[in-house]
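Colleague: Chains as they are written, first to last, in my numbering: chain A, 1 to 484; chain B, 1 to 168; chain C, 1 to 673.
Hints listed in this document are in silico derivations from the structure and should not be mistaken for laboratory results.
There could be a bad hint or two in this list.
[What the hints assert, rightly or not] Anything over 12 Å on all C-beta distances counts as not near chain B; from chain A, calculated: (1) A67; (2) A192; (3) L206; (4) A265; (5) Q269; (6) A280; (7) S363; (8) A415; (9) V447; (10) L461.
[Stated by the list, open to error] Cut-off 30 Å, straight-line C-alpha distance, at most; resulting in silico cross-link-like pairs (BS3-like, lysine-lysine): (11) K378(C) - K544(C); (12) K311(C) - K369(C); (13) K171(C) - K378(C); (14) K293(A) - K164(C); (15) K293(A) - K163(C); (16) K293(A) - K544(C).
[As the list claims (entries may be wrong)] One side only, chain B facing chain A, incomplete, derived with CB under 8 Å: (17) L4; (18) I8; (19) V12; (20) Y106; (21) L107; (22) P116; (23) A119; (24) K139; (25) I141; (26) V146; (27) V147; (28) I150; (29) L155; (30) G157.
Since the model is a prediction, treat every value here as computed from it, not as a measurement.
For every residue, glycine included, the Cβ atom is placed at its ideal position computed from N, Cα and C.
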Amino acid sequence: MNLASLNINIYSLLPLLMVVGLALFVLVLDFFIPRGGKRALGYVSALGLVCILPFVPMFIETVPSYAGFVIADTYSAFFNVVFLVSSAFAIFISIDYLRRLGSESGEYYYIMLFATAGMMIMASANDLIGLYVGLELMSMSFYILVALRPGKGAEGALKYFVLGAMSSGILLYGISFAYGFSGTTNVNEMAAIVYRLPDNNTYLYLALALIGAGFAFKIAAFPFHVWSPDAYEGAPTPVTALLSVGSKAAAFAVFLRVFAVALPAFHGQWSDMLWVISAATMIFGSVVAIPQKNIIRMLAYSSIAHAGVILMGIVVNSSAGASAVLYYSLVYAFMNVGAFTVAALASRGDGGEQLTDLRGLASRRPWLAFFMALFMVSLAGIPPTAGFMAKFFVLASAVHAGYYWLAVIAVISTAIALFFYARVIFYMYMRDYEGAELPERSLFTCVTYGVVLILTAVGTLALGVYPSAILDIAVRAVGPLFTI
Amino acid sequence: MEQLFFYIFSIVAIVSAILVVSVRNPVHSALYLIICFLQVAAMFVLLRSPFLAAVQVFIYVGAVMVLFLFAVMVLDLGKERLKDSMHSQSILGGALAIVLFFIAFYLVYNGDIVAPLGAYTETALMKNTEVIGAALYTKYIYPFEVVSLILLVALVGAITLVMRHKDN
Amino acid sequence: MVELVWLIPLLPLIGSVANGVFGSRLSKGTVGVIGSAAVGLSFLIAVSIFWRIMTLPADARSIEIVAYNWLTSGGMSIDAAFLIDPLSTLMILIVTGVGFLIHVYSSGYMHHDKGLWRFFSYLNLFIFFMLMLVLGANYLIMFLGWEGVGLCSYLLIGFWYEKKSAGDAGKKAFVVNRIGDFGFILGLFLLFWTLSDLGAASLNYKDVFAAAHQIPPVTLTLITLLFFVGAVGKSAQIPLFVWLPDAMEGPTPVSALIHAATMVTAGVYMVARNNVLYSLAPYTGEVVAIIGIGTALFAATIGLVQNDIKKVLAYSTVSQLGYMFAAVGIGAYTAGVFHLMTHAFFKGLMFLGSGSVIHAMSGEQDMRKMGGLHGHMKITSITFIIGALAIAGIPPLAGFWSKDEILWEAFEKGHVGIWAVGLLTAGMTAFYMFRQVFMTFTGKCRADEHTKHHIHESPGSMTVPLIVLAVLAAIGGLVGIPFIFADGTALHQYFAPVFSHGAHAVVAAEAGHGLEILLMAVSVAVGVSGISIAALMYYAPARKYAPDFLAPEKMAETLAPAHRLLYNKYYIDELYDYLIVNPIKRLCRYCLDFDLGVIDGIVNGAGWLTRFTAWVSHKFDIYIVDGLVNSAATFVSFNSLVWRRMQTGYLQHYALIFVIGLILIVGGALLSR
């Protein structure tokens, strides 16, 4: 193998290298910062990510590089933006959150950056091996991040770790079958081979099922969702936000890439499997979210339900469906990070993010309640918020492709889901608060949270009121997936 | 002949794996695990991958298990019965295992998943390490580098978590 | 001026945000002014648009104002656009006009409430969504409004959340509305699918109506029925009417605005807006008409015996909404919308009047404890009586013309059954309305001394809206007087551009004026006799002429079973609890515990299996069995050293579920080979 055929192209990796560089820089900087001043690392990390953001769309390389492992196309660029944005938000709200928990530390920030890097590797992976290492980098970082919350963290992290390791094993098993029938792990080469395979190739079915199960674990789809409520509840809330947004988006990115690019010839086969998973996930997530008393657990199940809806876009396997997945991921980043931010801010800091903590928030903190109401309305999919638009695009793509019953199930699950979102609004606006007042927040707190809340709220509204611009970008971004 | 060895190795591997979870003494458990790993290493040889076999022995049997034994001995973990940690789901777990086994057996028996074993070539036997090394530094350079990041994160994470517990 | 239409919904939205965010720091007067002014300005713009529309030729009165391109997806483009046509113009006039009056009234009525700013914020938000509902040029914007008004209604019914019953009523309204909305959404999707199959994927009214006759009749029937399910929920028809009477737990201005004048009529508006679709689906029309007239009768019978001043009005609202649906169901869209308009006037008036009474009675709502209020609060009393006369169908008040037009059209189109039931209902309406009037305003005051002492006329901010509405209730029907023009009433001409597309387009009465006048006389006679019976039963001076059996107590006694049935509202709530609510609660209970429950179930089942196995294989070496069986969990047990310290105990179960899922997926994939 000569070096030229590897197509070493540093530009295709530049945003990723920047994030890794930032992480290493923060890692080194950590040694020089005294214990009390670790929050500076948070600012460096968050602002660093913001500075990297404009570079992402600048380096689009449509030809796979590094022996076909990396592809920096518009598709991965779109997801990279989602990762960077949600990660910057999460780091920003971490600064105050960690201070309140009394566990400020440097490693928290650079591990978060490594997790982001892992997501970016996944999004631009053009090869099952590359995808797998990216996924491991992300997961490994999250195992540690979840454990960083004193008390509950260890339990959630252990569950996440053990089940995550199981799912990695299953994914690898699936990849090995894929290699078995195609002799390659590169998605483009695999696509060419798959077209020549007979319809009943057992390896193919095993690979589909096992890879599907591995990905389903990462997006917390039923019945592989069991880890998510515990991990979400145990993790520091900003980590939960990133876990539910970034890690899911990354999993969707590879899900779509592998199934749409490598296996389009067997769409009929895998769409049936994902159809069932999608339907079960939507219904299950919305039904089980209803009785939850802990707001984080409720959002965890809500996130399961959303994963089911997003999965519809993959089932459809069309440009419309894929662009809806991208659009949904971005919207979800805004509204879910926003919701978690309010949850982090409204809880009393002792770790019990109970729904009842939100009682009377409207009269105590009108703005906060307003933002939360907006995010809930958006998560529930009520117009004119972005959540509605995202759902609409997914449903519309499903309808166009003839998946009527799946669309009906999605509508049912959305109708059910409104109950628990409305309950949050109910608690905030229609219950009086008894008990200790929230501690007064410093100006510093208000600014860090305020920036995140305003940006997420603006995103949630703007993407709903004027979705065309971003949807156009999403449609163009999925172009590379469906041209081959 | 090869098949004979394969069956010997796999039966020993399965039996020792069962013993790992069923003996009461954690030290014995660890020792059975070593046996299990060794069988897997032997199977790698049968699969024409001597390098992997060596890695399996060095890393899993050597490093990981020794560390594990140290931990068990230093912490002086008590004995425990398997039942205590199974939460009365042993029957169901067993049933599922049998179902999985049945699926695999059916597929193999039906001839759905068969792959011819390659012949022993000189490259496979003598130059195995060289080939792998070359591949890692050319074609697989990208995942190889990412793996180094994973190791870094794992290292930092391990230290962080331990230090945290020490603080508390 | 028409281009400024986007300001109409925007102003209330601004008012809502302003009050919601800064309201707690503003004085109560300012909050009221902001809230009222926002709606008042909208009303002025609406009026100017109305004038502009009227100057245009009839066929140019449908104007689409595109604000911007909302979304483009898969060849379908949806604009954020408003549709100005006679129907939506009338609706915005009602919503902003009546809404403005009710806002003004609220600033007086709610003056003592500490949450005034919240109230105005919700109220303005409601107006915004309601305006979007009626102004939207496509189904998506209508859906936006449809969902939004439901949310606001939920917030406003539960406004006095200290009262548990208010919170419960809010939830009930929410849940019941969800059921209806669900039908609406499904209908929307079915419409969308059908149109995409026809290659006309669009949700714009214009395009949909243009393509309507290509839709297969069965599909169209299904679509319209699903839409109607939404209307049934929103407009409180059988079988989903149960939430509306409970919704009276909300503050009275809310009842007037949302549960009488505007939101509950959204269903009627929706059917009228979709008249092209409904005209092509005659079967649905019959269903709509039958459910409508059935609800009218059903609710009226319940209204006969209720004692809560607001509950009577609530059942009356349900009943009147039934009239409107009967009208639009038989294709008399103009008559239905006409009744919608007059109903907004007189029912809004009566709710506000009842609010004024409740205000004076220190919160008392039981009519048995009222009486003789006419002496204390003349304005309220007189305006209320005007409203009652209007609803009872006494000419020349507004209610007479609209109700009579519905009855006449029913008769004329050959729906004699609907006509007869409608007439009967009209009589009942007249009876229970005047029962209410006599119980509240005449006779001796039955309140306790303390309350009696407190009775007073309401402040100007409350009485002025009453007077304005009373004037409207009196003269608002003039636009619908027949016989003046050759081609139908003024209103028919006005609506012609909207409703003439329908196959059932209303043509001027051909049957001759003689019959129409005769029927009018009949319905007036029915109304008058209803009032007379009420007077004989409840009006003290008239009572001495009444035969014995007409004494209310006597009557309740002789007809005890019927009375009990009506008084308990046919036990519908209890029936629903038994048939639907409780089973669902039980189902939820199962789902609630699913994550742990199913695992428990599996584990318990496994435990049972364990015992069973032990019984079967007595002499089996348990150790070997366990050892073999547990080998599947090798990986899991490997970590048991750590777990003992974690004390979670559930991870194994999670792993178990994981493996089950895996087997299902792999098995499914292999079986589908």
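Colleague: Take the C-alpha atoms of K293(A) and K163(C), compute the straight-line distance between them, and say whether it is at most 30 Å.
Modeller: holds, 22 Å
Colleague: Per the stated criterion, does the least C-beta distance between A415(A) and chain B lie above 12 Å, as a non-interface residue requires?
Modeller: The claim holds: A415(A) sits with its nearest Cβ about 35 Å from chain B, beyond 12 Å.
Colleague: Between the alpha carbons of K293(A) and K544(C), is the straight-line distance 30 Å or under?
Modeller: With Cα atoms ~63 Å apart, K293(A) and K544(C) exceed 30 Å; violated.
Colleague: If I take the minimum Cβ distance from L206(A) to any residue of chain B, is it greater than 12 Å?
Modeller: Answer for L206(A): violated, closest chain B Cβ roughly 7 Å.
Colleague: Taking the closest Cβ pair, is A119(B) under 8 Å from chain A?
Modeller: Hint violated; A119(B) Cβ to chain A Cβ min 17 Å, cut 8 Å.
Colleague: Given L4(B) as an interface hint, is its Cβ closer than 8 Å to any Cβ of chain A?
Modeller: violated, 25 Å
Colleague: Over 12 Å from every CB of chain B: does A280(A) meet that, or does the non-interface label fail?
Modeller: Answer for A280(A): holds, closest chain B Cβ roughly 19 Å.
Colleague: So if I understand the rule, the pair passes when the alpha-carbon distance is 30 Å or less; does K171(C) with K378(C) pass?
Modeller: violated, 37 Å
Colleague: Would A67(A) pass as off the interface with chain B, using Cβ distances and a cut of 12 Å?
Modeller: violated, 4 Å
Colleague: Once the shortest beta carbon distance from L107(B) to chain A is found, is it less than 8 Å?
Modeller: holds, 6 Å
Colleague: Take a quick look at A265(A) and tell me if its Cβ sits farther than 12 Å from every Cβ on chain B, holds or violated.
Modeller: holds, 19 Å
Colleague: Could you check if V12(B) really has its C-beta closer than 8 Å to a C-beta on chain A?
Modeller: Interface hint status for V12(B): violated (22 Å vs cutoff 8 Å).
The structure is inconsistent with the numbered hints 1, 3, 13, 16, 17, 18, 19, 20, 22, 23 and 29, although it conforms to all the rest.
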